[in-house]
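Using the sequences and the hints given, assemble the complete structure.
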Amino acid sequence: MRIGIFSDSINIPPKEGINVHTYNVALALANLPQTKVVLIVCDRGWLDLDILKDQPFDTLVLSSADFYDYTKIVKIIEDHSLDVLQTYMVYFAAVVLGMASYETKKPMCIEFHDLEKAIAPIYLSDKFEIAFHEDLQYRAACLASMVRIMSAYDYEAVVQTWPELSNIVTWMPVSIQDPKVILEKRAKKDNHVLFIGNTSYPPNAAAADYIQKSLAPKLPDVVFSLVGRGTERFTGVNIKPHGAVDTLEGVLQTHSVGLAPIFEGSGMKIKLLDYLSAGIPILATPLGAHGYPESEAIIVEENLDKWPSILESLLCNHDELQVRSKAARELFLDHFNLESNIHKVVEMYRLLDYAAIKSPSDFSLIEVDQSKIYWLREVR
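In the working numbering, the protein residues as written are 1 to 380.
Take every hint as true, because none was put in to throw you off.
Calculated pairs, DMTMM-like style, for lysine to aspartate or glutamate (alpha carbon to alpha carbon, straight line, at most 20 Å): (1) Lys358 <-> Glu164; (2) Lys105 <-> Asp79; (3) Lys372 <-> Asp135; (4) Lys326 <-> Glu249.
Keep in mind that the hints were calculated from the coordinates and are not lab data.
What follows is the structure in structure tokens.
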């Protein structure tokens, strides 16, 4: 089975969010004997092309003009005999890949990591622009043969809002690879806590701002490490900004608690998977823990006034830290370990036939306009 994974400017090694998931899935599928992966990636000048060449899967690097050219994508599907088309990009799926899927009759699986009704207003203020992106997500789903939704909460929202999609929508949580090497070298420090997030994304910037201005000053003996794009601008006496890092191994080895003070958005926050995989218990807002099962590993508290005392108490109680750390590791292994879950993905794709509920002609034509892709406006 030949699987085409379409991604707009994936970083390898992946440094943030959905890139981590996409790369991990490509790697896991490529290492199975029954699957062949072709990563089709849009190059916006942010890629290390030499690293892309040294991967266990084939890689096609396209200019942004070619990546968003429907005829070029059809030719790639045919030339590489792709059986399944996978993407997480709503705009690309609705405007390009959905049409290519229809013409070639190759099934498209669109992954919903977020819902546009929650994400678009974070970037946009014009109500018509927001409605346009909500409609795009519906169009992408209708042109897909399967919609994989990462969060159980988002799954329920989709089937209630668009019941006609019920037969092609499935819930399968996001998974990442097991960082066993991190666990072997673990040397955590009980006064070090961690926040991972691309702070060009407004909800992560708001989280880092809360840590910098409200949480860190109340806990002067605690060291707060901020890791991710743009974190360099968040400074303080007990704040260590790391910026974007090539690997999380070092920071995951040396921190006792992970933070997720997220106040807007949807979907599952992949930073929690990083914490759990390394046995790091979590303090999160309800939205930060969105989509994750209840567990001793995740302390959920909406009232931010309580966060300093919760964190201080946890860091002072070594026995509780150990119990919650064990629960974190177990939660990861039970639900989010890609080594266990990749076979479910393969079986899902093996049974997948072209089954879109609508054709492109059921919708008005949208001319490609990459300025509509709002995440491209993030600072890099």
